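Undergrad: Single-letter residue listing:
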Amino acid sequence: MRSANTAKNLSHRCALWTSLAALLILFLALTGLAGAEEPLRKARLMPLWSPQAQFAGYYMALDKGIYARHGIDMTILEGGPGRSAVRSLTSGEADFAVLWLATALQQHDTGLKLVNLAQIIQRSSLLLIARKASGIARPEDLQGKKVSLWDGELSLPVLAFLDMYRLRVQRIPQSYTVNLFLRGGIDATSAMWYNEYHTILNTGIDPDELQVFALHEHGVTFPEDGLYTLEHAYRGDPAFARVVARASLEGWRYAFAHPEETLTVVLDRMRRAGVPASRAHQRWMLERMRDLTRMDSGTLTDDDAGRLHPSAYLDAAAILRDHGVIREIPDHTTFTGGDDARR
Amino acid sequence: MDIQTSTADKALVVAVGGRLDALTAPEFERKAAELIAATPGPLIVDFERLDYISSAGLRALLATAKRIKAAGAQMLCVGVTGPVREVFDISGFSAVFQMHDSVVGALAAVD
Amino acid sequence: MRAGRSIARTFTLVVSVCTTLIFTAAIGYSYHRSRVALEKEVATNVANLVQGSIHRVETTLRAIAKATEGVARALETGHPANRSLHALLKATLLDNGEIHGFGAAFDPDPVLDPPVPTVPYFFRRDGRLIFAPEDSYEYLGQDWYQIPKELGALAWSEPYLDRASGGTLMTSCSVPIFVGTGEERKVRGVVMADVSLEGLTDLVESIRVLRTGYSVLLSRNGTFLTHPDRDLVMNETIFGLAESLDRPELRDLGKKMVRGGSEFLAYTTIGGVSSRMYYAPVPSTGWTLVVIFPEAELYADVHSLTLVVTVIALAGILLLTGAVHGIARAVTAPLGALATATEEIAAGNFDAGLPPVGTRDEVGQLTLAFAAMTSALRDYIRDLTETTAAKERIQSELKVATDIQASLLPRLFPAFPDRPEFDIFATMDPAKEVGGDFYDFFFVNPTNLCFLVADVADKGVPAALYMMVAKTLLKAEGQRLGEPDQILACVNTILAADNDSCMFTTVFCAILDTESGEVRFANAGHNRPVLISDSTARLLPVRTGFVLGPMADVVYTTERMMLRPGDVLFLYTDGITEATNRTDELYGEKRLLKALQTVADMELVEMLAAIRAEVVRHADGAPQSDDVTMIAIKYRGMPNADR
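These protein sequence lines are chains E, C and Y, in that order. When you read off a place in the first sequence, starting at 1, and then add 23, the result is the number in our numbering. When you read off a place in the second sequence, starting at 1, and then add 6, the result is the number in our numbering. When you read off a place in the third sequence, starting at 1, and then add 2, the result is the number in our numbering.
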């Protein structure tokens, strides 16, 4: 009886394995056929900074298979201190990069031609933050004060703001934290609305304790994050670049439509990158990105979303030119990829 | 019935008030006997305030008179008027007892 | 038995409820006081524990700060050659085991060569010192350099994860290097000591309060440096957590913490566990050490103690209730038995056995008293029974006496049916069983009928006895002598002999000559009779004679009158005229005469009945003390009048 049973079981198992193998072959054949029909094209994206909700759209486009659906085999590289997005483009490490408009224009001026494929952050998110307790209530109060600024083009909107009010301040170099400001080492600090501002709040300082100068409220409307690629690469296959841009924007819409899922994905990336990952902070950042991209779910065809507006572009470029960062303002159409840009 | 005792001159005066009937007669008889035993001598019974006397009352009076007589003295009746007088008259007691109008008169009659 | 059970139940209930209340109050108070005391003690202990830990941390941190400071001061004297600088850094690092890496950085200075100097930096690895100079100028914007420089004072950096050492949690102690004095004094560089926080976090994590209590270390910015939830460490600040959990009070708590406060407070953990929290600052670095432990564990001992006490109390109450119930039953059971016995006694069974007296307590005393009462009651009932029997015997004897007395009087009417010349009728109603009144009539010879009415002084048995004697004597002497005066005188003489009690009787004695209608009569102190003639009633004028009995040798007089046919002579005793109503009004002779006049033409039977009814009506229910006796004789005249 026992041996008979075992034999029976064996025969059953054989049948099972056979059917499984058949299914596997069928599956492989189908996928192989699909791959043969439309092979995924490899692409690499370098974000401006370490993983955070600032780049949530790209992560979600990848994570939810949006890139794949568009025929893109996307790899998102890990940004962060010491990893310049511009350099990753020039070195060929990345095909696409998230850059500030100011950076792109500056690079353009130095001869590195870049094409703006999509504009994510439509206005300046830069803030100058002081403590109300230090007696600073108006921009004029900053005269002669210690103000920390980031290096390079990130400081340009702030300098434009300071110029506007003819302010001479003690410039203190600013790196990655706001601890110097928190310790009282300086009077005002530069801050991103979606990042450092919330960081300050989450060290136990209440909003009403702070005097915040939002640059865009003072006429410095400086578009920030955009999706760029090298011009010669773009010219090689503009359509592919556009697909990457479209897929990325779709990723952004998905992120805004599914914030908690997005946060989980973002936090997971952050942990893997070994950077401090606070859900509360990332939630704030994602919400502010929604504000800054002026993108809401269901506005996929909105003309505003994802487009670099000529007026904002010209205003920003003018500021850069006036500060001697660039010599001339590139043509908007050319800068955004020419006539075929929006096709 | 109420009995008031007083001494007047040589005699003992007992004034009887109310009703002297079967109910009260034994008490009168007993009291009178005590008085006679304590104070030998004539006894004047004053009926001035007596409203009614029954045959039992008369019997008590007789017994008292007999007791005094045995002691060698006499009993006198005073103030027998009205219904009491009628009873005295009908029963013939007024003819048997010494009857006087007043205590003074009775005293005068004593020896 | 119901009452007995109810008393026992009530008593048991009251005692158990009261006891329960007392225990509840006592245990509740004790529990509360214990909690307060325990909380106070634990608060002190925890504060000591935390302060002790902080002290240990502080000691280490200060030593590091002192070493770093020493190097900074040493570097203020001038620009040391790279070699001596390196030697100084290395020596300091060697001397201070707590320091992981040590370096010094200077402001860019055109005087220097190169203007932006290389930063010399030594660190430990596997017990050796490694030299790892940094030649970028990035340090100028870094916290460890900027903060002490801008503040002009020693600064501990926000802890960070050092990638170079595999993600170790580190902090840096930076001390500015000054140059110049007074107004000229400025910072020209910074000496920096990197410190691994592994030992510190181990120390903090080793702080355990009670069983599952834990500790948390917060940085100056409120970032979790240690926490049982590893995900929070170096990722989240207490404020971010407050935001995520939407707990504004946690943000307020965090503010107090990062501002250097210290407090013992009630706290509900993220998991919703009621807990206690104590926090205190680490002064050098501005960190906060927090200790959290569950309230349940804090009070575990008190709870278990209270539980044990409560169980003991409950057991005690149960025992007490049982005992009280038992006692109450023991007390009330005899009462119930007593009640049952009482019911039986009440039913008349005096021999019903009382429950045995077991104790000398109140119930025992009650039973004894009850037994005594029952015995007394039994005796009394027996006496009463005897008395009643005696009374009944007397009553029956009196009844016999009444019958005898009644039978003595002629009661058969018409008494002389063969004598048409006259009618005679008489009644006697004694006030008591036996009376003192009597009447009689008899022929002394064929034509002379003697009739009389008498009233013996006083009433009752003595009067009845006297009446018997008087009645017998009167009849005997009446028949013998035949004349009223002689009859009375003779009977008086007999009665007066040996009459110590002074009994007497009134008698109206008359003799009717039935042929002529002449009546001869004599009176011994009796009421005057009424003569009804021609429908007119009037009192017969009678000479008064003394009553029979008191005195011998009394002389009576016979008077005479003529009865015409139809005339009625009505004899009575004072029971008629002295019948009183409720206002003590006597019936009187006037009323009698008037009444007799209205019934003058009636037959004698009816006449006497009417008078009796009239007297009863007058009395109107007022009690009568005298016998009522009437005798009436109606003369009809001889049928052969012409003879």
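Derived by calculation from the structure, the hints in this document are not laboratory data. Bear in mind that the values here come from a model prediction, so they are computed numbers and not experimental data. Take these hints with a grain of salt, some might be off.
[Claimed, not checked] Each computed BS3-like pair below joins lysine-lysine, with the alpha-carbon atoms no more than 25 Å apart: (1) K169/E x K393/Y; (2) K155/E x K257/Y; (3) K434/Y x K393/Y; (4) K136/E x K155/E.
Undergrad: Now look at each hint and say whether the structure bears it out.
TA: Comparing the hints with the structure gives:
no., hint, in the structure
1, K169/E x K393/Y, "136 Å, violated"
2, K155/E x K257/Y, "17 Å, holds"
3, K434/Y x K393/Y, "15 Å, holds"
4, K136/E x K155/E, "44 Å, violated"
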